[in-house]
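Sequence order for the protein chains is A and B. For the first sequence, the working numbering gives the first residue as 1, with consecutive numbering after it. For the second sequence, the working numbering gives the first residue as 279, with consecutive numbering after it.
Please keep in mind that the hints were generated in silico from the structure rather than gathered at the bench. Every residue gets a Cβ at the ideal spot worked out from N, C-alpha and C, and that includes glycine. Heads up, a few of these hints could be off.
Said to hold, decoys possible - Lysine-lysine pairs mimicking DSS-like chemistry, simulated, CA-CA at most 30 Å apart: (1) A:Lys75 x B:Lys529; (2) A:Lys105 x B:Lys308; (3) B:Lys356 x B:Lys401; (4) A:Lys194 x B:Lys308; (5) B:Lys401 x A:Lys9; (6) A:Lys42 x B:Lys308; (7) A:Lys9 x B:Lys372; (8) B:Lys529 x A:Lys79; (9) A:Lys75 x B:Lys308; (10) A:Lys105 x B:Lys307; (11) A:Lys105 x B:Lys302.
Said to hold, decoys possible - Covered, in the sense of this in silico footprint (three residues per stretch, anywhere, with C-beta under 8 Å from a C-beta of chain B), are these stretches of chain A: (12) 6–19; (13) 56–69; (14) 116–127; (15) 145–151; (16) 230–243.
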Amino acid sequence: MQVVSTKQKIIRMIVYVLLVLCAAVMLLPFLWMLSASLKLDKDVFTFPVQWIPKHPRWANYHDIWTEIPLLTFVKNTVKLTVIVTLLQLFTSSFAAYAFAKLQFKGRNTLFLGYIATIAMPWQVYMVPQFVMMSKMGLNNTHLAIILLQAFSAFGVFMMKQFYTSIPTELCEAARVDGMTEYGIYFRIMLPLSKPALSTLTIFTFVNTWNDFLGPYIYLTREELKTIQIGLRMFITQYSQEYGLIMAASVVTLIPVLIVFLSLQQYFVQGIATSGLKG
Amino acid sequence: MPEEKVRSSGCLFFMQKDFSMTAKKTEFKKNLVAYSFIAPNFIGFAIFTLVPMVFAFILAFLDWDGSPYNPMHFVGFKNFANLASDDQFLAAFKNTIVYTVETVPLTLIMALILAVLLNQKIKGRNFFRTVCFFPYVASMVAVAAVWNMLFNPGMGPVNEILRGFGVQNPPGWSADKDWAMTTIVQFSVWKYMGYYMILYLAGLQGINPELYEAANLDGCNGWQRFWNVTIPQLSATTFFVLVMLVIQCFKVYDVVYMITQAGPGTATLVMVYDIYNKAFVYSSFGSASAEAIVLFALVLIVTLIQFRGQRKTEA
């Protein structure tokens, strides 16, 4: 027994050392970003790295709002992200309920159609989609981004997997009690699907917030730009203003961090139960 | 009952007919309710995804500069034939394959190792999981900016450290044509492994603990348990991770745009980057779509091969 427990202790030690190393690799770039965001441009690259600046330059966090139209970018991104996420959650879970719990004509064919499109990357049809959107007069509008992000097959697939795991007897009992399908969806299914909805929220929020190519193709007017393309434009123009770039980067990370931390308890659980692994 | 049936057969027939009509009606109503659930998503999906998908296949056979004043010409397979002698396309095709071949195994192995480590009962497990997942959710433009500074060839801390260890000529990273692809692969692995780690964690949690107990009884050590229980039990997860990773690598764009802008030269030009250039810089919508179809064919072929491989290992 003694031998086993020392051996286990050694293994545990190795696991910890490996994990701390991994965590360091994952976290150090962010810490360096935070530290650089409080420095003068000329001090950013001093070596050895001064992790805690002697004279933190908080003014960087003030200047970014005046030197870059960061507030406009943030507002645009928040607006797009919230609308897309809400539409995505609603339309996907609504459709998924029918696929999981209702019998109707053409159900399997339709669902197969959805699944088949998941394997087709957006990049394959982004050009014809742009041609079509331009014809509809949607180039340089936020509506274009909303329409191309809000109706994903992935969301329907994910929610359907989750609803299938909920016992059908629940729905049948409610039907016997005279509840309509809409009532069952709103009063029984939705409250039960918190983990799956949280997972989908994280995915959609992160994807929309971080989307680059979509806004890059559609939004060329500055007042419409999102954080990703706006900040990128700034970085290309003022590539030497390291402190400011890092401060703006920190700001763009905060909303994602908040959403992620507040929903993460559902996350692993959500992925596991919605059976993303098929 | 039988006499009754005979006696009032006419009436029963009428009733049956009536009954089947209401049944039809309720079925019709049922269908309608179901369609009303699907409609909000399906209408948007059909117009903004399905229609462009079909259009992509048509556009690949047309010669068109995207201008509404110039007509489209049907040119058959000419766009595809032209790709064969298009240096940009050939470089992009090669680089996309190289990027995928390097990124997929590295990400997969790192994700699996992290998942196995983080599936142990240890203190701070949730903290480590969150930390590993964070690069995945972090804004691409922000982390790419910090990456560019960390790996700045002249003054970046990474090269300073390398010099400190006595490396005379540290790599030029994104500015060096021999290192640019490595820089992008490194960044991708760092950014995406947390996501696949979560998928593996979900897979690990689905393994029946009794299998490990049985392996223990058979006198397996940790390493043997890993190879004989964990790996085979994870085959479905690995298959899914592999498909997702390959697709993700084939469609890479932002990483390249933000770290090397496809350079130096065409050292890191990838297919989606080239598709973007062809369509939106050179207004050559037909050849852009032809390249997009080649990309799709690649994704499809690799996915089908993986499906077949999966079937074989299961059989």
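Results for each hint:
1. For the proposed pair Lys75 of chain A and Lys529 of chain B, the alpha carbon gap of about 29 Å is at most 30 Å, so the pair holds.
2. Only pairs whose Cα atoms come within 30 Å are accepted, and Lys105 of chain A paired with Lys308 of chain B is accepted, the gap being roughly 10 Å.
3. Our distance criterion of 30 Å between C-alpha atoms is broken by Lys356 of chain B and Lys401 of chain B, whose separation comes to about 62 Å.
4. The suggested pairing of Lys194 of chain A with Lys308 of chain B holds, with an alpha-carbon distance near 27 Å, which does not exceed 30 Å.
5. With a C-alpha separation of about 14 Å, the suggested pair Lys401 of chain B and Lys9 of chain A falls inside the 30 Å cut-off, and the hint holds.
6. The suggested pairing of Lys42 of chain A with Lys308 of chain B is violated, with an alpha-carbon distance near 69 Å, which exceeds 30 Å.
7. Taking the CA atoms of Lys9 of chain A and Lys372 of chain B, the gap is near 48 Å; set against the 30 Å cutoff, the hint is violated.
8. The suggested pairing of Lys529 of chain B with Lys79 of chain A holds, with an alpha-carbon distance near 27 Å, which does not exceed 30 Å.
9. Restraint check for Lys75 of chain A and Lys308 of chain B: not satisfied, since their Cα atoms lie roughly 43 Å apart, outside the 30 Å limit.
10. About 11 Å separates the Cα atoms of Lys105 of chain A and Lys307 of chain B, which keeps this hinted pair within 30 Å; it holds.
11. At most 30 Å may separate the alpha-carbon atoms for a hinted pair to count; Lys105 of chain A and Lys302 of chain B meet this at roughly 12 Å.
12. Evaluation of the coverage hint for the segment 6–19 of chain A: fulfilled, as 6 residues show C-beta separations to chain B shorter than 8 Å, against a requirement of three.
13. Coverage of the segment 56–69 of chain A by chain B is violated in this model, with 0 residues showing a Cβ closer than 8 Å to a Cβ of that chain against a need of three.
14. Counting residues of the segment 116–127 of chain A whose CB lies closer than 8 Å to any CB of chain B gives 10, which reaches the minimum of 3, so the coverage claim holds.
15. A count of 4 residues in the segment 145–151 of chain A with a Cβ less than 8 Å from any Cβ of chain B is obtained; the coverage claim is therefore met, three being the minimum.
16. Only when three residues or more bring their CB closer than 8 Å to a CB of chain B does the claim for the segment 230–243 of chain A stand; here the count is 4, and the claim holds.
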